[in-house]
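Protein sequence lines, in the order shown, are assigned to chains B and E. Sequence positions in the first sequence follow the UniProt record's numbering and run 1 to 327. Sequence positions in the second sequence follow the UniProt record's numbering and run 1 to 327.
I should point out that these hints are in silico values taken from the structure, not numbers from a laboratory. All figures in this text were calculated on a predicted structure; none of them were measured in a lab. One or more hints might be untrue.
Identical copies carry no separate label here, and so any pair may be met within one copy or between two of them.
[Stated by the list, open to error] Derived pair list, reagent style DSS-like, types lysine-lysine, alpha-carbon separation capped at 30 Å:
hint: 1; residue 1: Lys52; residue 2: Lys4
hint: 2; residue 1: Lys256; residue 2: Lys284
hint: 3; residue 1: Lys284; residue 2: Lys24
hint: 4; residue 1: Lys40; residue 2: Lys52
hint: 5; residue 1: Lys255; residue 2: Lys284
hint: 6; residue 1: Lys256; residue 2: Lys52
hint: 7; residue 1: Lys37; residue 2: Lys10
hint: 8; residue 1: Lys183; residue 2: Lys52
Number of protein chains: 2
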Amino acid sequence: MKEKILRELKAGESYISGQELCQKFGVSRTAVWKHIKALKEEGYVIDSVSNKGYKLVRCPDVLTAEDIKSSLSTTWLGRTVKVMKTVDSTNLEAKRLAEAGALHGTLVTAEEQTSGKGRRGRSWISVPGQGVWMSFVLRPDIELENSSMLTLVAALAVEKGIKDAAGIDGRIKWPNDVLVNGKKVCGILTELSAQMDELNYIVVGIGINANIGQFPEEVRDKATSLLAETGETVDRTRLLCQVLKHFEQDYELFKKTEDFSELMEEYNGFLAHFGQEIKVVRGKDEYICRSEGINRRGELRVVDSLGRTQEIFSGEVSIRGIHGYSV
Amino acid sequence: MKEKILRELKAGESYISGQELCQKFGVSRTAVWKHIKALKEEGYVIDSVSNKGYKLVRCPDVLTAEDIKSSLSTTWLGRTVKVMKTVDSTNLEAKRLAEAGALHGTLVTAEEQTSGKGRRGRSWISVPGQGVWMSFVLRPDIELENSSMLTLVAALAVEKGIKDAAGIDGRIKWPNDVLVNGKKVCGILTELSAQMDELNYIVVGIGINANIGQFPEEVRDKATSLLAETGETVDRTRLLCQVLKHFEQDYELFKKTEDFSELMEEYNGFLAHFGQEIKVVRGKDEYICRSEGINRRGELRVVDSLGRTQEIFSGEVSIRGIHGYSV
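So that you can see chain B by itself, here it is in the shape it has in the complex (with noise of 0.2 Å):
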């Protein structure tokens, strides 16, 4: 109910009349009256006038379950969410939640990550409050071997979340990293858990540094936040709530031909480097290729000096600008 009055309010230009909201919902006024107070604890600015009604003037900046509910136009992703003031890491959080049987589209976010984990088991900075650091379950049924796919598929839907959220344009730099400006914002960590060849879940952890002021020295050349690179404080529900919009979307799309057929255009139009020349980097070799950008199992074409065409897929290979990290 709480949630409903919410998304009322979040609706409303103007106020809305205490009656108007009981009749609405069919509730008493001091079951309205009640939920405001509760919204307004939680820290959301009501403006209350009498004759008038309730205006929302400015939601807290937290992440709460009615928040995220309220703002979700999705079917199925995040649907359940659990929201946390601390955890480990939100991957932990949702493989322990997969574990325990949790359905397809399950969220966990967390304001903070003591131990936010990026690829490979590098560290992941995850300032309290400022980024979205958030996990989800899927249970997808389709094949073990198509299932890396879904990690681009992530970085699909943050990059058009961004866009919408904190109006900026972002790059993909493949497989699975959003930059803005040459800088990253957003990794992106997908785990998954099966039985032998078959899927039992996947667990996709997105984080986006989206209010992080400042960067210590020694990343600052190779992270940013959009606050960084837009002045502007980004509303993190939103950001959130439209990731999750565009995953879920996409996420149907993928399903259809278990591949990237009906997305692989659109990844490629934010494609870093995509005609460009770049430096692949496997273990000790690099070479310089031209990005041809992704094929239909979301692995990328590149083309040698010599014109033979290579397609890669191994998560041992790491691509750069010719110039460094993204230039």
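Could you slot chain E onto chain B? The hints should help.
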């Protein structure tokens, strides 16, 4: 130290003097006496005779870490072992340990599983104290796509471990059940965790019906135990250790080529229905083929009535004898 004394007692045919133990391990008489006392408290029957020393009469029918460690002949498998009275499921516990960083080879075993699982979420009956219910963590540096073969390595190890410990010949029902006299004595559930196409860890769960006296009516035609088939109680610690020994050896052979090149022949020698007609059940479809054994990839080669060869790898296929479950 307790473990070393136990190993010494196990190795000795007759009495070993306290003096001998003191000298061998460089500890005091009091220390030896305290360890012997502790072992007795754990259920070991140790005869102590003045002027002769100690003799191990009987090991308790409980699994203990000392007992397992003193009987193990492996290099890395089971060298870290957690023995529990009861657990929800040894696979779940092993996964929890793995998530917390447990090393390659870490073993979990329990007297009882309160919610033991078989493949596809089926429940697995684990009678307290009457079976070998164990799971171990592997962190192999292999391709994700090759990891499903480890479940066949486990079946092979169980087959040979049973032969060693119970002196009885089993058969492997592809991919990973072990049958004795046509009934199932062992189930294997192998699970993996990956960061997309990079393997994180594998948990191999093995349940062996060792000393179960009676089965519920409804499974009696499909399930059996070593006790039921041989009429003799099997030493569970020895069984567990023999299975681990074979697994470690066969795992090293598997690792060389990341396939069954070196194990295929032995596996096929133990395969139920090798060269015979079998029923392949795929969802609602059933068809009769001749089994030609596994190939290097661990896939089952079958030939249909028109002479066409197929290689079966899907987890959705199940194999039956043409006259029922196993015959």
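Between the shortest in-copy and the shortest cross-copy C-alpha distance, which are at most 30 Å for Lys183 and Lys52: within, between, both, or neither?
-> Cα proximity of Lys183 and Lys52: none, with 48 Å in one copy and 77 Å across.
Homomeric proximity label, Lys255 with Lys284: Cα distance no greater than 30 Å = For Lys255 and Lys284, only the inter-copy Cα distance (24 Å) is at most 30 Å; the intra-copy one is 36 Å.
Using 30 Å as the alpha-carbon threshold, which applies to Lys284 and Lys24: within, between, both, or neither?
-> Neither way: Lys284 and Lys24 sit 65 Å apart in one copy and 50 Å across, limit 30 Å.
Quick one: Lys37 to Lys10, C-alpha cut-off 30 Å, is that within a copy, between copies, both, or neither?
-> Result: close within a single copy only, 16 Å intra versus 72 Å inter.
Give the relationship of Lys256 and Lys284 under a CA distance limit of 30 Å: within one copy only, between copies only, both, or neither.
-> between (38 Å within a copy, 23 Å between copies)
Indicate which option fits the pair Lys40, Lys52 if close means a Cα-Cα distance not exceeding 30 Å: within, between, both or neither.
-> Intra 18 Å, inter 82 Å, cutoff 30 Å: intra-copy only.
Can you give me the call for Lys256 and Lys52, within, between, both or neither, at a CA distance of at most 30 Å?
-> This pair counts as neither: shortest intra-copy Cα distance 50 Å, inter-copy 78 Å.
How would you label the pair Lys52, Lys4 (within, between, both, or neither) given a Cα cut-off of 30 Å?
-> within (19 Å within a copy, 83 Å between copies)
Violated hints, in rising order: 3, 6, 8; the structure is consistent with all others.
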